[in-house]
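Going down the list, the sequences are from chains P and E. Numbering-wise (this note's numbering), the first sequence opens with residue 17 and increments by one. Numbering-wise (this note's numbering), the second sequence opens with residue 2 and increments by one.
You may find that some hints are simply not true.
What the hints assert, rightly or not - Cross-link-like lysine-lysine pairs, in silico, DSS-like; alpha carbons within 25 Å at most:
| no. | chain 1 | residue 1 | chain 2 | residue 2 |
| --- | --- | --- | --- | --- |
| 1 | P | K394 | P | K362 |
| 2 | P | K225 | P | K370 |
| 3 | P | K225 | P | K401 |
| 4 | P | K362 | P | K290 |
| 5 | P | K290 | P | K370 |
| 6 | P | K330 | E | K79 |
| 7 | P | K401 | P | K208 |
| 8 | P | K370 | P | K394 |
| 9 | E | K69 | P | K317 |
| 10 | P | K215 | P | K225 |
| 11 | P | K290 | P | K394 |
| 12 | E | K118 | E | K137 |
| 13 | E | K73 | P | K330 |
| 14 | P | K208 | E | K69 |
| 15 | P | K317 | P | K362 |
| 16 | P | K330 | E | K137 |
| 17 | P | K208 | E | K73 |
| 18 | P | K215 | P | K394 |
| 19 | P | K208 | E | K137 |
| 20 | P | K208 | P | K330 |
| 21 | P | K290 | P | K330 |
Stated by the list, open to error - With beta-carbon atoms standing in for the labels, derived distance ranges:
| no. | chain 1 | residue 1 | chain 2 | residue 2 | range |
| --- | --- | --- | --- | --- | --- |
| 22 | P | P270 | E | R32 | 40 to 48 Å |
| 23 | P | L48 | E | D47 | 53 to 61 Å |
| 24 | P | W188 | E | R19 | 17 to 25 Å |
| 25 | P | T18 | E | R19 | 42 to 50 Å |
| 26 | P | A368 | E | R32 | 20 to 28 Å |
| 27 | P | Q130 | E | L153 | 40 to 48 Å |
| 28 | E | P44 | P | Q130 | 32 to 40 Å |
| 29 | P | H383 | E | I37 | 30 to 38 Å |
| 30 | P | R239 | E | L153 | 52 to 60 Å |
| 31 | E | G21 | P | D365 | 53 to 61 Å |
| 32 | P | E547 | E | P63 | 50 to 58 Å |
If you are wondering where the hints come from, they were derived from the structure by calculation, not from laboratory data. Predicted model, so just to flag it, every value in this text is computed and none were measured. We treat Cβ as the ideally placed atom computed from N, Cα and C, and that holds for glycine.
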Amino acid sequence: MTEKLTGAQALIRALELEGVDTIFGLPGGCILPAYDPLLDSPIRHILVRHEQGAGHMAEGYAHVTGRPGVAMVTSGPAATNMVTPLCDAYMDSIPMVCITGQVPTTAIGTDAFQECDTVGITRSVTKHNELIMTADDIPLMVRQAFHIATTGRPGPVLLDLPKDVLQNQMTWHWPTDSDVEDSLPGYRPTTKGHPRMIKEAARLILESKQPVLYVGGGVLKARAADALRELAELIDAPVVTTLMARGAFPDDHPLCLGMPGMHGNATAITAMQKSDLLITLGARFDDRITGRVNSFAPDAKIIHVDIDPAEQGKVRRPDVPIVGDCRLVIEEIIKALRDMLAGGEKQADISAWKSRVSGWREQFPLHYTQSEPGDALKPQYCLEKLRDASPEGTILCSGVGQHQMWSSQYWKFNEPYTWVNSGGLGTMGFSVPAAIGAKVGRPDRTVWAVDGDGCFQMTAQELVTASVERIPIKVAVLNNSYLGMVRQWQEMFYEERYSEVYLSPELPDFVKWAEAMGCVGIRVESPEEVEAAIEKANSIDDRSVVVEFRVDAGEKVFPMVPAGQSNDDVILHPAQSSQREFLR
Amino acid sequence: MSNGHPAHHILSVLVENRPGVLARVSGLFARRGYNIFSLAVAPTEDPAMSRITIVVDVESSPLEQIVKQLFKLVDVVKISELDPRRSVERELMIATVRVPAEERGQVVELTNIFEGKILAVGTEAITVSLDGSPEKLDDFEELLRGYGIVELQRTGRVALPKLDKEARSRVAKGKAS
Ligand SMILES: Cc1ncc(C[n+]2csc(CCOP(=O)(O)OP(=O)(O)O)c2C)c(N)n1
Ligand SMILES: [Mg+2]
Numbered sequence: 017m018t019e020k021l022t023g024a025q026a027l028i029r030a031l032e033l034e035g036v037d038t039i040f041g042l043p044g045g046c047i048l049p050a051y052d053p054l055l056d057s058p059i060r061h062i063l064v065r066h067e068q069g070a071g072h073m074a075e076g077y078a079h080v081t082g083r084p085g086v087a088m089v090t091s092g093p094a095a096t097n098m099v100t101p102l103c104d105a106y107m108d109s110i111p112m113v114c115i116t117g118q119v120p121t122t123a124i125g126t127d128a129f130q131e132c133d134t135v136g137i138t139r140s141v142t143k144h145n146e147l148i149m150t151a152d153d154i155p156l157m158v159r160q161a162f163h164i165a166t167t168g169r170p171g172p173v174l175l176d177l178p179k180d181v182l183q184n185q186m187t188w189h190w191p192t193d194s195d196v197e198d199s200l201p202g203y204r205p206t207t208k209g210h211p212r213m214i215k216e217a218a219r220l221i222l223e224s225k226q227p228v229l230y231v232g233g234g235v236l237k238a239r240a241a242d243a244l245r246e247l248a249e250l251i252d253a254p255v256v257t258t259l260m261a262r263g264a265f266p267d268d269h270p271l272c273l274g275m276p277g278m279h280g281n282a283t284a285i286t287a288m289q290k291s292d293l294l295i296t297l298g299a300r301f302d303d304r305i306t307g308r309v310n311s312f313a314p315d316a317k318i319i320h321v322d323i324d325p326a327e328q329g330k331v332r333r334p335d336v337p338i339v340g341d342c343r344l345v346i347e348e349i350i351k352a353l354r355d356m357l358a359g360g361e362k363q364a365d366i367s368a369w370k371s372r373v374s375g376w377r378e379q380f381p382l383h384y385t386q387s388e389p390g391d392a393l394k395p396q397y398c399l400e401k402l403r404d405a406s407p408e409g410t411i412l413c414s415g416v417g418q419h420q421m422w423s424s425q426y427w428k429f430n431e432p433y434t435w436v437n438s439g440g441l442g443t444m445g446f447s448v449p450a451a452i453g454a455k456v457g458r459p460d461r462t463v464w465a466v467d468g469d470g471c472f473q474m475t476a477q478e479l480v481t482a483s484v485e486r487i488p489i490k491v492a493v494l495n496n497s498y499l500g501m502v503r504q505w506q507e508m509f510y511e512e513r514y515s516e517v518y519l520s521p522e523l524p525d526f527v528k529w530a531e532a533m534g535c536v537g538i539r540v541e542s543p544e545e546v547e548a549a550i551e552k553a554n555s556i557d558d559r560s561v562v563v564e565f566r567v568d569a570g571e572k573v574f575p576m577v578p579a580g581q582s583n584d585d586v587i588l589h590p591a592q593s594s595q596r597e598f599l600r
Numbered sequence: 002m003s004n005g006h007p008a009h010h011i012l013s014v015l016v017e018n019r020p021g022v023l024a025r026v027s028g029l030f031a032r033r034g035y036n037i038f039s040l041a042v043a044p045t046e047d048p049a050m051s052r053i054t055i056v057v058d059v060e061s062s063p064l065e066q067i068v069k070q071l072f073k074l075v076d077v078v079k080i081s082e083l084d085p086r087r088s089v090e091r092e093l094m095i096a097t098v099r100v101p102a103e104e105r106g107q108v109v110e111l112t113n114i115f116e117g118k119i120l121a122v123g124t125e126a127i128t129v130s131l132d133g134s135p136e137k138l139d140d141f142e143e144l145l146r147g148y149g150i151v152e153l154q155r156t157g158r159v160a161l162p163k164l165d166k167e168a169r170s171r172v173a174k175g176k177a178s
């Protein structure tokens, strides 16, 4: 039985068969044919106000569900609008499939209306991309795209579909798993760790007197949070979770030290510096973690577990490299440790190390100066109140800047997949659309976006999408009237010469803007109003809510390791800096 | 430039013979800040595959990184780093040399000594070709310079592993590199 379909019908059917329930997108000339069969499909389409929003929504959806987010847009300017989210997803290893329209095959290369070299432009910001030249290739290419996006180190895959390819007839067929595998002879991700390396890792762990589990986003990608917890408890070692891994290990667990890095807490930073063994799980020694590389954790041996072989030795040469899926490898390491312990081997005594770490924790809690009555509102205070009033399992999304660092610092992430942010690319404007995507993926959860006044102005129009599509999210705008993070650098490193960082406290009027977009708008100007406003926001679930917190413009994020400097020279909050000798 | 150079590496990269593959490979080099010294690409015995021979100028640790990054490209099927001492390399060069008719004999003689070929002869110039190891081509080029090179084109090298005992057994299994 041969069934004839158009390329567009085949595309939509292929997406259905891949289990896609939602597409974020916006139509236009070249992708028009694909929007017609979409009318007859059970797939929900969410019409965005800007294609960048579609991309970040797909990312937010993927972050919280683990399933690939799907975005569909037209050619030319729509495709270029997708470049930022593709790059964002590439940097943070987010599974995503992006479908772009293209001018007809006969017009390619002629500078036709809305033609651009989409595969050329996106080549370095996708895990893989393909220009599909015949309708018959569509089913296989779609299957390949989902396979590549979701296996190995996840990432974005783009399929570029010329208009005539969507219009032409093809004979429907659905490739099998082995067809897909055979069609990709160069793609064979390694998932199982090397047994000898696993033994070696277990041996180093038992010998270590000062171990730290250095946990990155790969643990979340591998859905390895349970395995991680078992390992940490088995060896009783402290855990740090990077900005991409917040929630991979519960913040309320006694072994959790929280976030290391440029704005990490002093204990997490110092524990890594003084460690004799970094058990690195799905992390990549990013410069925001290591500070100056040649003075990073100088005495530590390195176990490095990562599914991407290119991460091994890219920044720091591991003593024990293990290429594989974090969950499988952690489980194997646990097994090896249990075997060795059962065979009579003993773990080194780490009690001195643990009491040293506890000492740091007591000396160096996160700190900010509370405002006196009548003083400006502190952003950290708002976050603490938001955290305490939010229902369990709340998903927190953030933009990029000071508010992002405070969010990561002050929230308590006790569950994986409750933190959505732009780590690697640091994309301002990420939070509102990502929160919408997250809410679509987890409609059962409360979703809060914490945004800066600068970031919010980049993509806020997607709140119109949220209102029209009935996707109620909540946004806390920490309005400090500045591009605050840049202001902080100018204050600290450019002698307080503030250049082009002042926005405006009054413009835009965030409350009116929220209302114009169909949301409830609330303004908070003093500490006394904070709790009531949050309570009101949490009680509204039929509409999106924007709460503008007018916060202290002069507040800085501490601790801070200035770019390119050693983690040993972390700058503490001024109230703590006199104690810095205790960090030795 | 020559074989003895410590930072000279030959990568033999087997890729799927598909549109855009070369752009992916060269784009990766540009994006990660590596220099390609020479590059040759053509289909292999299997028309579905192409072999790209890349000579890279790097220290050994970034080379490891570039090999790993290259291998992440979905279209890249296999990468072998060829040790110059244990591989055979060939390159082709074509050169047009300005030489008056009365001195032409010297260039012809030189070409014959190198076992090259005369491709075209004009009144004031001669075009010659030579294939061989890159070092041999270097030497020949140097000598031609004395006469005045009008135009010269080299192909970049292609290479395969030498047929030592180990390689021969691998050939039996169908893959020489
Ligand atoms: C698209 C983009 N442009 C510029 C930057 C550089 N940048 C990083 S943080 C920041 C300031 C963000 O301001 P705001 O959203 O108000 O957050 P705040 O730091 O004040 O909390 C800027 C401009 C960026 N990360 N992304
Ligand atoms: Mg701001």
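Against the structure, the hints:
For the given pair, P/K394 sits about 49 Å from P/K362 by alpha-carbon distance, which is inconsistent with the 25 Å threshold. Only pairs whose Cα atoms come within 25 Å are accepted, and P/K225 paired with P/K370 is accepted, the gap being roughly 9 Å. With a C-alpha separation of about 39 Å, the suggested pairing of P/K225 with P/K401 is violated against the 25 Å cut-off. Only pairs whose Cα atoms come within 25 Å are accepted, and P/K362 paired with P/K290 is accepted, the gap being roughly 23 Å.
Distance check on the hinted pair: P/K290 and P/K370 sit about 12 Å apart at the alpha-carbon level, within 25 Å; holds. A distance of roughly 21 Å separates the Cα atoms of P/K330 and E/K79; the hinted pair therefore holds under the 25 Å criterion. A distance of roughly 44 Å separates the Cα atoms of P/K401 and P/K208; the hinted pair therefore is violated under the 25 Å criterion. Simply put, P/K370 and P/K394 have alpha-carbon atoms about 33 Å apart, too far for the 25 Å limit, and the pair is violated.
For a cut-off of 25 Å, the pair hint linking E/K69 to P/K317 stands: about 23 Å separates their Cα positions. As the CA atoms of P/K215 and P/K225 are separated by approximately 18 Å, the hinted pair is consistent with the 25 Å bound. A threshold of 25 Å between alpha carbons decides the hint, and for P/K290 with P/K394 the separation of about 33 Å lies outside it, so the pair is violated. The hinted pair formed by E/K118 and E/K137 meets the criterion: a straight-line CA distance of about 14 Å does not exceed 25 Å.
As the CA atoms of E/K73 and P/K330 are separated by approximately 14 Å, the hinted pair is consistent with the 25 Å bound. A threshold of 25 Å between alpha carbons decides the hint, and for P/K208 with E/K69 the separation of about 18 Å falls inside it, so the pair holds. Annotation: proposed proximity of P/K317 to P/K362 holds, straight-line Cα distance about 19 Å (limit 25 Å). Of the supplied pair hints, the one linking P/K330 and E/K137 is violated, its CA atoms being roughly 37 Å apart against a limit of 25 Å.
With a C-alpha separation of about 17 Å, the suggested pairing of P/K208 with E/K73 holds against the 25 Å cut-off. Using a Cα cut-off of 25 Å, the hinted pair P/K215 and P/K394 is violated, with the two alpha carbons roughly 50 Å apart. Taking the CA atoms of P/K208 and E/K137, the gap is about 47 Å. The hint is violated against a cut of 25 Å. In summary, the hint linking P/K208 to P/K330 is supported, as the alpha carbons are separated by about 21 Å, within the 25 Å threshold.
Restraint check for P/K290 and P/K330: satisfied, since their Cα atoms lie roughly 22 Å apart, inside the 25 Å limit. A C-beta distance of roughly 44 Å is found between P/P270 and E/R32, which places it inside the suggested range of 40 to 48 Å. Distance hint check for P/L48 and E/D47: the Cβ-Cβ separation is about 40 Å, which falls outside the suggested range of 53 to 61 Å. For the hinted restraint 17 to 25 Å between P/W188 and E/R19, the CB-CB distance of approximately 24 Å keeps it satisfied.
Between P/T18 and E/R19 the CB atoms are about 27 Å apart, so this pair departs from the stated range of 42 to 50 Å. Checked against the hint of 20 to 28 Å, the pair P/A368 and E/R32 fails, with Cβ atoms roughly 46 Å apart. Between P/Q130 and E/L153 the Cβ separation comes to about 44 Å, which falls inside the hinted range of 40 to 48 Å. At roughly 35 Å, the beta carbons of E/P44 and P/Q130 sit within the given window of 32 to 40 Å.
For the hinted restraint 30 to 38 Å between P/H383 and E/I37, the CB-CB distance of approximately 52 Å leaves it violated. Between P/R239 and E/L153 the beta carbons are some 58 Å apart, a value that agrees with the proposed interval 52 to 60 Å. One distance hint, 53 to 61 Å for the beta-carbon pair E/G21 and P/D365, holds here, with the actual separation near 57 Å. The beta-carbon spacing between P/E547 and E/P63, approximately 55 Å, falls within the hinted interval of 50 to 58 Å.
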